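> So the chains spell out like this:
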Amino acid sequence: GQQLNQSPQSMFIQEGEDVSMNCTSSSIFNTWLWYKQDPGEGPVLLIALYKAGELTSNGRLTAQFGITRKDSFLNISASIPSDVGIYFCASDRDDKIIFGKGTRLHILP
Amino acid sequence: SAVISQKPSRDICQRGTSLTIQCQVDSQVTMMFWYRQQPGQSLTLIATANQGSEATYESGFVIDKFPISRPNLTFSTLTVSNMSPEDSSIYLCSAEGASESHEQFFGPGTRLTVL
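Just so you know, the protein sequences line up as chains R and F, in that order.
Going by our numbering, the first sequence opens with residue 1, and the numbers climb by one from there.
Going by our numbering, the second sequence opens with residue 110, and the numbers climb by one from there.
Hints should not be assumed to be uniformly reliable.
[As the list claims (entries may be wrong)] Below, a list of computed lysine-lysine pairs in the DSS-like style, where the Cα atoms sit at most 27 Å apart: (1) R:Lys101 with F:Lys174; (2) F:Lys174 with R:Lys96; (3) R:Lys96 with F:Lys116.
[As the list claims (entries may be wrong)] If you only want the chain R side, here are some residues facing chain F, beta carbon under 8 Å, derived: (4) Leu33; (5) Pro43; (6) Phe99; (7) Gly100.
In short, the hints are calculated from the structure, not lab data.
Values in this document were obtained by computation on a predicted structure and should not be read as measured data.
Don't be surprised by glycine CBs; every beta carbon is placed ideally from N, CA and C.
With the hints as constraints, model all of the structure from the sequences given.
Shown next, in the form of structure tokens:
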């Protein structure tokens, strides 16, 4: 079936480092969404992408919709402690969205 | 974006009982959804809550176990029936933003523990 393969599963970085994570699939999608989930909270939408090749920024976050429409990446520049959390990619399937398994970001003091 | 609230935020329940979770959106929305998130896992769609008709359930989820109501465009409930410890999870409500945008906004979740 249509699955979103998200990597890496987890990351341990130093504060101030840049972060890159990605999401791939064997299927073509029309939408890529990136969410962040803090402990005890629901996911919060960070960036939405709707066009192949589209590159969108939201503050220190940048995401791109892959040209093949089968992948997307999310970059975080100059990480800060509040970036800790789980990042999910998501995409549309039959008027619903499906989620990747998430990338858990840890920031070392 | 829509602001979504859920009640209760958490509960501890006995095996065999049922719990109804409420979801309130601050604006009228067409599409509302219910998800389950096991600890440390991703989100799994339970069903689409349709206003004025029966919910549409995903494979592996049935109406008898997870009855859903959607009486209007701002409110929905999910009931977890005849609970067992395997139902311990976070249950999340979401609503779609602009029509056909596929952007979904989530409530804070209800953390359910079944003893």
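> Are the hints correct? Go through all of them and say.
A quick look at each hint next to the structure:
1. Restraint check for R:Lys101 and F:Lys174: satisfied, since their Cα atoms lie roughly 25 Å apart, inside the 27 Å limit.
2. Only pairs whose Cα atoms come within 27 Å are accepted, and F:Lys174 paired with R:Lys96 is accepted, the gap being roughly 21 Å.
3. Of the pairs offered as hints, the one joining R:Lys96 and F:Lys116 holds, with about 24 Å between alpha carbons and a cut-off of 27 Å not exceeded.
4. The interface hint given for R:Leu33 is met, as the beta carbon of that residue sits about 7 Å from the closest beta carbon of chain F, less than 8 Å.
5. The criterion of a C-beta within 8 Å of any C-beta in chain F is met by R:Pro43, whose closest approach is roughly 5 Å, and the hint holds.
6. Contact between R:Phe99 and chain F, as hinted, is supported at the beta carbon level, the nearest pair being about 5 Å apart and thus within 8 Å.
7. For R:Gly100, the suggested interface contact is upheld, since its CB lies about 7 Å from the closest CB of chain F, less than 8 Å.
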